[in-house]
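If you count by this note's numbering, then the sequence shown holds residues 190 to 488, one letter each, in order.
These are calculated hints, taken from the structure and not from any lab test.
Any given hint could turn out to be false.
Quick list of in silico lysine-lysine cross-link-like pairs, DSS-like style, CA-CA up to 25 Å [what the hints assert, rightly or not]:
hint, residue 1, residue 2
1, LYS313, LYS290
2, LYS296, LYS285
3, LYS313, LYS285
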Amino acid sequence: MAASLGRCLLVSLFALSQWSPNSLVAASPRPHAQPNGESNIVKRAVPYGELIYGCDVPGVIAPAFDDGPWIYTEDILDRMEAANFKATWFINGQNKDNIYKYNATLKRMIALGHQIGSHTWSHKDLATLTPTDTALQMTQLEEALVNILGYMPTYMRPPFLSYNQAVLDVMRDLQYVVIIGDLNTRDWAYQSATEIENAKQLFVTGLDQGFTIVEAHDQEEWTHGVLIDFMIQTVQQRGLVTVPVGACMGQSPSEWYRTARAPPPSGTVGIPLFLCSFFSTSPFFGFSFLSPLTCGIQG
Numbered sequence: 190m191a192a193s194l195g196r197c198l199l200v201s202l203f204a205l206s207q208w209s210p211n212s213l214v215a216a217s218p219r220p221h222a223q224p225n226g227e228s229n230i231v232k233r234a235v236p237y238g239e240l241i242y243g244c245d246v247p248g249v250i251a252p253a254f255d256d257g258p259w260i261y262t263e264d265i266l267d268r269m270e271a272a273n274f275k276a277t278w279f280i281n282g283q284n285k286d287n288i289y290k291y292n293a294t295l296k297r298m299i300a301l302g303h304q305i306g307s308h309t310w311s312h313k314d315l316a317t318l319t320p321t322d323t324a325l326q327m328t329q330l331e332e333a334l335v336n337i338l339g340y341m342p343t344y345m346r347p348p349f350l351s352y353n354q355a356v357l358d359v360m361r362d363l364q365y366v367v368i369i370g371d372l373n374t375r376d377w378a379y380q381s382a383t384e385i386e387n388a389k390q391l392f393v394t395g396l397d398q399g400f401t402i403v404e405a406h407d408q409e410e411w412t413h414g415v416l417i418d419f420m421i422q423t424v425q426q427r428g429l430v431t432v433p434v435g436a437c438m439g440q441s442p443s444e445w446y447r448t449a450r451a452p453p454p455s456g457t458v459g460i461p462l463f464l465c466s467f468f469s470t471s472p473f474f475g476f477s478f479l480s481p482l483t484c485g486i487q488g
């Protein structure tokens with residue numbers, strides 16, 4: 190009976206390997222259409238799984254906001270739109286709120302020329318997770334964004350800026366550009382009208398030093414109330430050009446997103462990663478069916 194059930198599960202897994210729910214993992218090398226009609230499998234100059242601190246393109250800065258969307262995000266978008274201020278939004282699926290409540294906000298970000306990147310599903314410290322759980326943090330958000338937008342990001346920033354080599358290996362295997370940044374406003378630490386002056390000073394000092402990729406947080410009260418307007422005014426006074434992170438790395442919008450990943454290595458089976466969390470870690474009758482590499486991750 191055990192052998193029969195085992196064979197049944199293997200057959201089911203083979204069938205699942207041909208199925209790609211919302212293109213979470215590409216089961217076929219056949220390219221899918223991008224929103225602009227370009228192929229989803231892009232030949233890239235920006236490496237996956239390596240830390241990026243600053244822009245490659247000179248003469249621009251790339252403001253980037255983590256932890257949203259939340260109740261302040263739409264108002265921040267209003268002010269950015271009026272100032273032609275472009276940014277990247279490293280979003281969560283479930284942080285202050287659930288991403289599905291902000292479908293219109295996400296679509297508006299895209300329509301305004303901003304970039305959406307991944308900040309994981311629930312803002313966990315990836316350096317404390319197993320590779321499988323790290324991958325699930327990424328693919329859960331991918332599934333939501335495919336449902337909402339029809340595609341998923343190729344850029345991410347780790348929560349708390351926390352990572353280790355295992356995290357970077359997962360990001361390489363999942364084909365993510367890892368953004369850290371070099372201009373950290375530390376706005377999350379400043380929770381009063383007096384304290385937010387520190388974030389403003391960090392922003393000015395960073396610009397003076399030639400830093401280019403900003404970290405701020407759109408779900409922080411004093412960022413919404415004070416820092417955003419200050420950033421916009423400072424950029425305008427200095428005549429700076431703001432662009433999404435992907436643009437500051439020299440990539441076009443079609444390279445900021447994909448509808449599917451490139452196929453897994455030859456000889457492996459592309460299956461949904463949520464199944465990997467069970468079959469690669471839970472032995473059935475004394476053995477495991479799948480290795481982490483089969484699931485598209487290593488380690």
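* **Violated constraints from the hint list, given by number and in increasing order** => none
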